[in-house]
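Participant: Sequence:
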Amino acid sequence: DAAHAHHKTIFDQTVKRHETKWEKAEARWAEERTYLLEAQLAAVELADNNRDAKFSRMAEQRSMIVEMEGEKEQFSQLLRHKQSLAKDAANALAMQAAVREALEHETEALGRRL
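Basically the numbering used here = 1-based index in the sequence shown + 890.
Quick caveat, the hints were computed from the structure, so don't treat them as lab data.
Errors might be hidden in some of the hints.
[Stated by the list, open to error] Cβ-Cβ distance ranges computed for the label pairs, FRET-style:
| no. | residue 1 | residue 2 | range |
| --- | --- | --- | --- |
| 1 | VAL956 | ALA932 | 32 to 42 Å |
| 2 | ALA929 | GLU959 | 42 to 52 Å |
| 3 | ALA943 | ARG918 | 36 to 46 Å |
| 4 | MET985 | GLY960 | 33 to 43 Å |
| 5 | GLY960 | ALA980 | 27 to 37 Å |
| 6 | SER953 | ALA917 | 51 to 61 Å |
| 7 | ALA943 | ALA980 | 49 to 59 Å |
Each residue gets a CB set at the ideal place from its N, CA and C atoms; glycine is no exception.
Using the sequences and the hints, build the whole thing.
Facilitator: Here you go:
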């Protein structure tokens, strides 16, 4: 009976030792799992930040393009206006030249008559 009790004690101690090992292993596994999950979370947050940064850059570029298109339209209007003024000036010069030519002809005709 004493031998049986002795074996039971050794058995209980062995079981206890193994339980302790398992508890330590589980604790270590839980720590590693927590670390991995935190690393994954950090990676996801980084990706989100990159996506946000990319999105805001795209939004900025889009607004710059809209701005540039507006400026381009203003320049086009200005150019059309300048071309119109140049055309008007050319027409005015042509008319002046025609009037000058007509006056010269009149002057010559008058000179011949006199």
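Participant: Hint compliance check: list the failing hint numbers for this structure, sorted ascending.
Facilitator: none
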